[in-house]
Amino acid sequence: MTTDASIEQTAARIQWGRLLRTSGTLIGFLAIIVFFTINIPNTFLTVANWLNISQQVSMLAVIAFTMTIVMVMGDFDLSVGSMASLAGIIAALLFRDSQPVIVGVLVALGVGLLGGLFNGVLVSYVGIMPFVATLGTLTMFSGLAFLLSGGETIFGRDIPADFSGFARGGIPVGMVGERTLLFPNLTLIALIVLAVVWALLEQTTFGRRLYAIGGNAEAALLGGVRVRLLRLIAFMLTGFGAALGGLMYASRVASANPTQGAGLMLDAIAAVFLGMTMSEEGEPHVLGTLIGVLILGVLDNGLTQMRVDSYVREILIGAIIVAAVTSSSLAKRGR
Amino acid sequence: MSATPLLSVRHAEKHFGGTPALVDAALDLLPGEVHALMGENGAGKSTLIKILAGVVNPDRAEIALSGQAVSIPNPQTAFDLGLRFIHQELAVVPQLSVAENLFLSHAYPRRAGFLVDWRRLNQSAKTVLDQLGIAHIDPRTRMARVGTGDQMLVKIASAFVTGDRQTPAVYIMDEPTAALTSEEVTRLFGVIRELKLQGCAVLYVSHRLEEIFQIADRVTVMRDGCVVGSALINETSSEKLIRQMTGRELSQTFPARETPLDSHIVLAVRNLATEYVCEVGFDLRAGEILGLAGLAGAGCTELLRALVGADPLRHGEIRLDGETRADLTPVSAWERGFAYVPEERRSQGLILSRSIRDNITLPHLQKISRGGILLDRRSEEQLSSVVGASVRLKAIGPRQTVRELSGGNQQKVMFARAMSRTPRLLLLDEPTRGVDVGAKFDIYTLIRQVSAQSVGVVLASSDLAELLGLCDRILILREGRQTAIVAASGLSQHELLTLCYGDGDRDD
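So the protein sequences, as listed, match chains A and B.
In this text, residue positions in the first sequence follow the working numbering: the first is 1, and each later residue adds one.
In this text, residue positions in the second sequence follow the working numbering: the first is 336, and each later residue adds one.
So here's chain B without its partners, still in its complex pose (with noise of 0.2 Å):
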């Protein structure tokens, strides 16, 4: 390397909640590079980030801007420095302007010493929204009335408004495309790509492989807290890259059915209506799997909501086993061998301040207690192990919180519970949302081997490879009515967005 790096750090360690989070990890980003850092969740991605953040203390580190040594007490360090930050979830305050929003870091322009100048204030944000091609955005809209992808190509363009100091130098963007459209990620890349021009860095932290190879230079790889690996974009590839990540062969993505279907039918759904969904209705098989697949807001959370008794029923009928659940509820549809694991494990999955043990015995309490009534927290903790380790859940023992888990693990909590005691039906609602590449092969392995004891399964995903690659048929949802069952093999991608959207029904 020839070049200073315009930020380097070497040997960062940190120890977290149980878990050696960093060992050893070193990094460099060179001036008009862009530098993606890839890895599972629980790799050590977020706390190399919020050390350079200021708002994780390592227990040791190196870090120097442009040779000089630095440490980063405080986020305020981070931004002085120079070090730019860009989150999926950045929060907005939505009662204020985009302009308002951009400047919330600097010091308003003022007029008469303590005024707050209005006009120039406007006119400094629509500068930095030109800058960036989105100047579609009028800075004096309220940020409540901003639509989510603007928002957050605004939150992005905080991070470039530079107010009285010099032009940062380093961004860091954390899976900065996950809630934009293709549209939107397209400009993102042209800024970032403006930004390589003026001699910045850029760490750019991503999921998607297709947008590493768009984007970056140069990638580094890490696992279980080190640095495994970093090379020159074009002298690696995704498969090496995934095998880096995970540090297995992945040789198939979706392991494939094994055992024939059996013709009992588990759950039969008649002329089904909720407040939400309406018209749905079908037939599930024991070992089969059933996808829900819709476009956002199509009724497929909605409808694993009304199977589980979340929502009331205005009509129609749920038979499990040939009984009909008239008054289900979350807590009969447990007791009936119904396991649900819901689509954002964080508010609505865990609860977070407590064990792996207590989240996991959750729903199954009243069986595992004595009398139903005095916790026995032996065979809780036994049946957490187990469980734990058939979901290859990685931790130091069923009585670590929830909270010091990464995602995936997290995941494998909602996975361990539902497989406490074998369920008649499993219902999943977008179960590898957020989850690493590693961890989803684990949860599709597990999918497939829940089916194979002849349990039914309902998964509703926005990912339609996964949709394609382990259901026996899929269910179309369309503005909540059901449009459509459809076998899934043979069918591609497109034309399963095809109807999605609705273009040309077609009936199983």
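Just chain A, same shape as in the assembly (with noise of 0.2 Å):
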């Protein structure tokens, strides 16, 4: 490639450009925090309180960052939130039936991975939107686990404890006073989740393929990529995710209602444009849906701490989500 002095020089400065316009959310994460440690001094920013904060986010970040995958194709996933409660469903039903809870588990992941593999068929192979196709299937997973369950919430004595411990179990990393600081199994799982998808999407060839039919989906297939499986693959994974992002929530509550993941999945499409806010070209990244995630995650634990009522927070959040956005696409506008 020819290149000469002058376009060294001006790619620098390019370099800065971009850094700001990209770094906007970054810094608002920041802000956010510092608030906070004013606000809330002794608490907020304690090891304990950032590892509640890592447990309370896990379930939502392993659905954000599975969902990041199909977003990364100009996808939707919408079903994500009601495959969260059927995966719970399923499991806990087995487990009422007395099966091991391996089995539960592994069954409700069969369930995602089948579920994904229907909204894949419909987008891919039968050529419906993918906004229609999981809204649709939305519906149908919703009404399945009512069914499954008589829409009553299964708890108690039917949730075994091994399944129920494992979401308050830890790795013991320290003490603080009396109590034993445990690195939350839940945190580990998620952080396990954004290892695999972030190796996935940004060293693999699937990863790369995805992101050139997210940019094209017509030039990616007459380069000779196999856009319909590859489609197809993805809204498997994100139905796994989803899946598993259920299967925690019941643990955690140790129990599970046919509509308990119904508040995840706009909490997850709104992590992962809060990441594509960090990127140069609007691409939604694992590492940016982490801090969209986080930026969720930490507003809610502050404003709760602050004693903020939940629906100011509701309203703080959508303006924040909304804010994020629009000054990303301003400082776009103006190159």
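None of these hints come from the bench; they were simulated from the model.
Keep in mind that a hint or two might mislead.
Covered stretches of chain B (in silico footprint by chain A; criterion: 3 or more residues with CB under 8 Å from a CB of chain A, positions within the stretch not fixed) [stated by the list, open to error]:
(1) 611-624
(2) 668-680
(3) 684-690
(4) 708-717
Far from chain A by the CB rule (all over 12 Å, computed), these chain B residues [unchecked claim]:
(5) S440
(6) R543
(7) H599
(8) R808
C-beta: ideal position from N, C-alpha, C; glycine also.
Mind docking these for me? Both chains are given alone in their own frames, and the hints should help you get the complex.
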């Protein structure tokens, strides 16, 4: 390639401009942390609180990380929330039938893959828009969860201690006074999912091809990418993540209810969008999604500690999402 | 220069996407003047125009209208200052009528304060259309039902609508004739001459040299973001302009064949038919360049799509190196050594949001990654740099985003992709469309080099000179049917065009 000195100089200048444009969300995140550190001086910036936050967001994180996979292709999966509920219900029903924990978990995860396969077939082989297809399956999965559970919450003795104990457990990392500080199992799972999704999207040919599909599906097809197959696989992975997130939720609350995952879908999409503001081309990246998840989690934690009304909390969180996306698109318009 | 320029630009500078797009550019438009602006893609013409349109904020620029210094922060200001822009791809609103489209940027005439006065709107529209000699277009027709060429004329006419304001002074036309028939071009030129008489100034951007000599009074040439020369039209010549644009001599436009044809047959096609083409059959020898010629819609693009497996075969046979390829898909085609450069590089070829590297290696990832799975960015970048250099790609480096490149350089990325692993068969669809003179020559040289490596080349082009200059044989398609294969040598453009129209067939 031909290069000359003047191009090198401007290239350096552009790197700076790029950094400013893409780091607005990160700066906002740091500002939120500083704000809570000042206003909640004793408890906010402590290891215990941050481990607590990490556990609180772990379910959302898993679903948002795997949601990133389909959003890289420019698709959506609206069915993740009801899939999370369904997975919890299926595992709990198997537990009630005195099946071993491992069987319940594996079957629930299998249902996640199957649901994802169904979404993938609709989107990629039948050719229905993801928004419409997954809106349909959202309702189907949710109906199925109600049907199987009879609309009731499964809890108490039906949920084995092995299963509910997992969410309460963790790896000891130190002592705070009398209490042992645990690195929560759920956080660990979220980190593993993060690592896997990151490697998949950023380090493999699979991820590169998904980004190509998201950039220009027609060009990807003519450039030798198996667009249909890859879309199918991506939806399966998102379905799997949704089921995993649902199981984590069920473990944490030691019960399963046909609506408990419902709120996760919008938060997951919001987290991916927040992350997208951090990329120059507006592409989703899983590390950006991580920041998005943390912003939502930290806001929730901090505002709760400041005893802000939960309705006001929702308004604030929504406003912050809108502000992040607005400022990033304004910054990009200026170039 | 005696008269005060209607529009003058001094010291215009813009750094854009890593490349200095504009360096200390200057331009004067005199009243009653048609001023041609020429230069290769990426020379800075578009940037200069976008600055005038208020779409791009310059790093610095001194702009004056009739001697008054102005700044143009947004398109509305440009409009209010009386600057009118005519782009080749100006959007129309197909659901609205011709009259509504004409008056889109103006207040519609009203009745009773808030009702649109349709009669007056249609009358004003008719007046404008009449003035421009395009009275055959009914202002009440829906835009969707107006032909493409006429849509273009309507778009052009919309710039002439004055509304309540004073007559606009400066028209800036960016390749206005790209989609026009010669008859429509004549009409447009009539309009431009009328504008001249009224004392308006026209900045006219075009790649077409003949047009420039027909309509322009003065011509300014840009290269690499700088103005390299400005001259009265009768004091310059095509050769001079080309030299200024490219910075080098173009001794011959088409590099000649230097290696003899191989006897080995790379590609054999027998009785091929898809939904769009039929009765196609030919043998392609190693190193041969086969042209595809035909009128718009004759099936050249569709034949290439069939060869690359993008459209399913109804029947027929494609043999590569003697082996039948029955279930060809783009994936297996690339694996077998087919390389494909589609017609529309932006919509069908490139992932604009990704880097040069990602675009070049996309079809070759399986081969260049560890175990076909783990990305090996170092080898990818090495490969991209090497093939990038071989196609004379101008860029910051392999990680630059393709969106930031000029049209010619984007096309070179497509070529770099096709050439990353020496293909067996190179399928090219309009490889030089929208590409400037210098890049065109680079691309011709590349095609010749590839064919010298015993690669079979199939080249579809609507540029007859290009087909005659490069190809060994030319396959003629008419309404999806193969009608002839002729040797290119000794054929004139006129004869080739006659074959495309189908007056009198002629066989090899």
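- [ ] Find the hints from earlier in the document that the structure breaks and name them by number, from lowest to highest.
- [x] 1
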